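Engineer: Residues per chain are reported as follows:
There are 2 protein chains.
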Amino acid sequence: MTDWLDELNWNDDGLMPAIAQDFQSGEVLMVAWMNREALRLSSEQGRAVYWSRSRRKLWFKGEESGHRQRLREIRVDCDADVLLLQVEQIGGIACHTGRRRCFFRVLKDGKWQTDEDIIKNPDEIYR
Amino acid sequence: MTDWLDELNWNDDGLMPAIAQDFQSGEVLMVAWMNREALRLSSEQGRAVYWSRSRRKLWFKGEESGHRQRLREIRVDCDADVLLLQVEQIGGIACHTGRRRCFFRVLKDGKWQTDEDIIKNPDEIYR
Chain Y
1 MTDWLDELNW
11 NDDGLMPAIA
21 QDFQSGEVLM
31 VAWMNREALR
41 LSSEQGRAVY
51 WSRSRRKLWF
61 KGEESGHRQR
71 LREIRVDCDA
81 DVLLLQVEQI
91 GGIACHTGRR
101 RCFFRVLKDG
111 KWQTDEDIIK
121 NPDEIYR
Chain E
1 MTDWLDELNW
11 NDDGLMPAIA
21 QDFQSGEVLM
31 VAWMNREALR
41 LSSEQGRAVY
51 WSRSRRKLWF
61 KGEESGHRQR
71 LREIRVDCDA
81 DVLLLQVEQI
91 GGIACHTGRR
101 RCFFRVLKDG
111 KWQTDEDIIK
121 NPDEIYR
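For the record, the sequence lines run as chains Y and E. With my numbering applied, the first sequence corresponds to residues 1 to 127, in that order. With my numbering applied, the second sequence corresponds to residues 1 to 127, in that order.
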């Protein structure tokens with residue numbers, strides 16, 4: 001029934017990184033991890049469900065913040081060990097810091113420099 | 001001198017995934033791994049240098065194939081454990097299968113379906 005899950009190369013922990021990319025702007029928003037259950041649920045529900053390595057449980061993205069990710073497409077790479085999701089980011093904020101995306105630091109003059117503003121105070125997101 | 005390398009959260013193997021994104025089209029081309037040396041060299045030389053986990057050595061992307069990646073930008077995410085590279089893909093082929101990008105399979109009707117053509121025969125790339 002779910003043969004397509006067996007065709008993937010899960011790592012020793014049964015996980016795989018998943019890149020979430022904004023389906024319109026092409027911006028890479030974040031990277032999180034999925035296990036088989038997370039990917040199966042994502043596919044079935046049409047929304048991003050990850051595996052939280054720190055909390056060791058399924059992470060229904062946006063459950064607390066409302067910042068869900070609607071799934072437009074799921075891709076896998078040649079080695080079948082990285083997923084690429086095209087998502088519609090509800091609320092326009094993917095990062096827990098309140099920014100549009102997690103990649104808000106750029107290497108410049110030998111330093112990591114933040115070049116993206118906080119759209120919403122995290123305290124307001126996670127009440 | 002290289003403090004910015006110390007600010008990153010390398011995994012237990014001293015590695016970190018790096019996403020290569022086409023700086024013009026925004027297309028996610030591939031994901032590979034870097035260690036400190038690979039990232040330092042990438043930054044210094046302005047080209048993508050990865051760490052090959054299978055060959056256990058530095059992988060100067062394009063050394064054999066000519067398909068180098070000129071670096072336009074290096075970003076890191078909020079957890080400082082994933083890199084995002086904006087690259088100019090020389091030759092237009094990032095994947096070792098001879099395709100433009102590694103993410104050439106999409107989940108459709110419960111199957112992984114290839115929707116991207118081989119531009120160049122791999123035998124011609126790796127002579």
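No lab work stands behind these hints, which were simulated from the structure alone. A quick note: this is a predicted structure, and the numbers were derived from the prediction, not measured. Hints may be right or wrong, so weigh each one.
No copy labels: a pair is met if it fits in one copy or bridges any two.
[What the hints assert, rightly or not] With a Cα cut of at most 20 Å, we get these calculated EDC-like pairs of lysine to aspartate or glutamate:
1. Lys120 to Glu64
2. Lys57 to Glu27
3. Lys108 to Glu7
4. Lys120 to Asp109
Engineer: Now look at each hint and say whether the structure bears it out.
Structural biologist: Comparing the hints with the structure gives:
1. In this assembly of identical chains, the alpha carbons of Lys120 and Glu64 lie at most 20 Å apart only when taken from the same copy (14 Å versus 47 Å across copies).
2. For the homomeric pair Lys57 and Glu27, neither the shortest alpha-carbon distance inside one copy (27 Å) nor that between copies (31 Å) is at most 20 Å.
3. Proximity of Lys108 to Glu7 under the C-alpha cut-off of 20 Å is restricted to the inter-copy arrangement: shortest distance 14 Å between copies versus 40 Å within a copy.
4. Taking identical chains as interchangeable, the C-alpha atoms of Lys120 and Asp109 are never at most 20 Å apart, the minima being 28 Å within one chain and 38 Å between chains.
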